[in-house]
Amino acid sequence: MSGDTAKIVMKDVHKSFGSKHVLNGIDLTVERGTSMVIIGGSGTGKSVALKCILGLIHADSGSILVDGVETMGMSDRERNAMMGKFGMLFQGGALFDSLPVWHNVAFGLIHGQGMSLKQARDIAVDKLKSVGLGSQVANLFPAELSGGMQKRVSLARAIATEPEIIFFDEPTTGLDPIMADVINNLIVECVKNLGATALTITHDMASVRKIADHVSMIYEGKMIWTGGVDRLDDSGNPYVDQFIHGRAQGPITKHAHMA
Amino acid sequence: MAKDSSKNIPIGHTPKSSFHPVTIVLDMCQGAGRSLLDLADSIGRLGLFTGKVLAACVTPPLYLKHILRQFMNIGFYSLAVVGMTALFSGMVLALQSYTGFSRFNAEGAVASVVVLSITRELAPVLAGLMVAGRIGASIAAEIGTMRVTEQIDALTTLSVNPIKYLVVPRVMAGVIMMPILVLIADIIGVMGGYLVGVHVLGFSASGYITQTWDFVEPIDVISGLVKAGVFGFIVTLLGCYNGYNSGRGAQGVGAATTNAVVSASILILIFNYFLTQAFFS
Ligand SMILES: Nc1ncnc2c1ncn2[C@@H]1O[C@H](COP(=O)(O)OP(=O)(O)O)[C@@H](O)[C@H]1O
Ligand SMILES: [Mg+2]
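Respectively, the protein sequence lines represent chains A and B. Position 22 (the first sequence) corresponds to 84 in the working numbering; numbering is contiguous. Position 247 (the second sequence) corresponds to 251 in the working numbering; numbering is contiguous.
It is possible that part of the hints are untrue.
Below are the DSSO-like pairs computed for lysine-lysine, each with C-alpha atoms no more than 27 Å apart in a straight line [said to hold, decoys possible]:
id : chain 1 : residue 1 : chain 2 : residue 2
1  : B       : 56        : B       : 69
2  : A       : 272       : A       : 191
3  : A       : 180       : B       : 56
4  : A       : 284       : B       : 56
5  : A       : 272       : A       : 147
6  : A       : 147       : A       : 180
Source of the hints: derived by calculation from the structure; they are not laboratory data.
Work out the full structure, taking the sequences as your base and the hints as a guide.
Structure follows, in structure tokens:
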């Protein structure tokens, strides 16, 4: 076990869609067994950055290491072998609408790990309970759930296989404050108890303070500040200050938001 | 005047409002060149996709339950629309060829015209076009929606190959079910001709049937079934391809659906010509 290699390292990662530069040299290091939170305005490329690590979007240039292994230019087969390490909560939920809730949660266990339906279903019901959903939800279809419930099912799916690295893309958006806190606890538990490495995107400052070990802020396609969560309030960075206090006035202008 | 001023206009940098003949020709060349490049690009990408699908067809795991469900979707649920198409095509064919042939006192050829046209051309082509509209569109819309809502990305992160899980079952069902559909369409189409021949045109029942059997050869039916398999492949492959590469949002899915139907229909007609040539010349 190479205990000292970081779990995820991004170096100078660039990504454009057509003429639109979304990632402009992202640098990010996430240490093993820690929880990193990325903050930043909407449309600044946070989701794109996560998808680049997963290989769902191919970065144009730069280097992305997972467990010290370069993933840029990996073959489909190598990438598929690596996928088992990851769990991902998609921003939009991305539940399979043709499958009942329990099968969504059990999907990775059944198809990725070859578990029996019965066993996978039991685990799925358990995971649903941990995100605050009763067993009566298990047989419903995703379309029959509210947005917040779908998000929680999606979260249960992301952690069902107990992956080493879990990405949470806006896990508490659309949840009431109490349920948001349940989810925050769950994320902390994944990191503390299961030893997972978590990379979370959120706008929810209460969530940041609860789950983060480290915080990184993205602005105009770059990480402009990274530090421990305890340094968030005296970061000395005017962009970070403006963001965490949610002020309309400051260096982050409306114009930059649109760009 | 116009000739003089055109000297100052650098080629390739002409404003759109310029109507100088040279620039018009250059613009046209540029446009044609670009669409040719686009065409080559999309053929290349479709080829790559096809390669991936074929490779996925022969390597485990295969999702048997999904394959069976697609058999139902593509085969069973298309039966009504394909059957209706064949029935009325056979009927109109009998009627039309009778009015034509009676001018040459060749009414006797009606049964043979019906059976040959149906088995060789009409059943496979019309079934192909109907299935392109019914199945190709729904495949593109379904897979396109999954692309747009990130369900395809989610499959990948759960270690499931989306080509195997989504595309292979549909393509397999297309290739296997289309010939069965067309065989049924052959029978219904000939029956349509028979109904009109006997009940409207006054042929004797046994005479019509004898005529049909005398003229039809195994190759007529087999060529139609081979065509059907190819068309089934085209429809399902293009439905999947367009859905898989759908643009973003509802608009992207709409465009994918249209493209799936239009491109499959055109390819069916093109491949039909060359398959006919391969079988009968
Ligand atoms: N597949 C794509 N094609 C084109 N543009 C994209 C694509 N994915 C994201 N973008 C663009 O990249 C920018 C960043 O998107 P995203 O990472 O989703 O933002 P956020 O930081 O809110 O998660 C947006 O402007 C979005 O329009
Ligand atoms: Mg996002």
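Status of the hints after comparison with the structure:
1. Proposed proximity of residue 56 (chain B) and residue 69 (chain B) is supported: the alpha carbons are some 21 Å apart, at most 27 Å.
2. Between the alpha carbons of residue 272 (chain A) and residue 191 (chain A) the distance comes to roughly 21 Å, so the proposed pair stays at or under 27 Å and holds.
3. Distance hint between residue 180 (chain A) and residue 56 (chain B) is unfulfilled; the C-alpha atoms sit about 33 Å from each other, more than 27 Å.
4. As the CA atoms of residue 284 (chain A) and residue 56 (chain B) are separated by approximately 36 Å, the hinted pair breaks the 27 Å bound.
5. The hinted pair formed by residue 272 (chain A) and residue 147 (chain A) meets the criterion: a straight-line CA distance of about 24 Å does not exceed 27 Å.
6. A hinted pair counts as satisfied when its Cα atoms are at most 27 Å apart, and residue 147 (chain A) with residue 180 (chain A) qualifies at roughly 24 Å.
Hint violations for this structure: numbers 3 and 4, all remaining hints satisfied.
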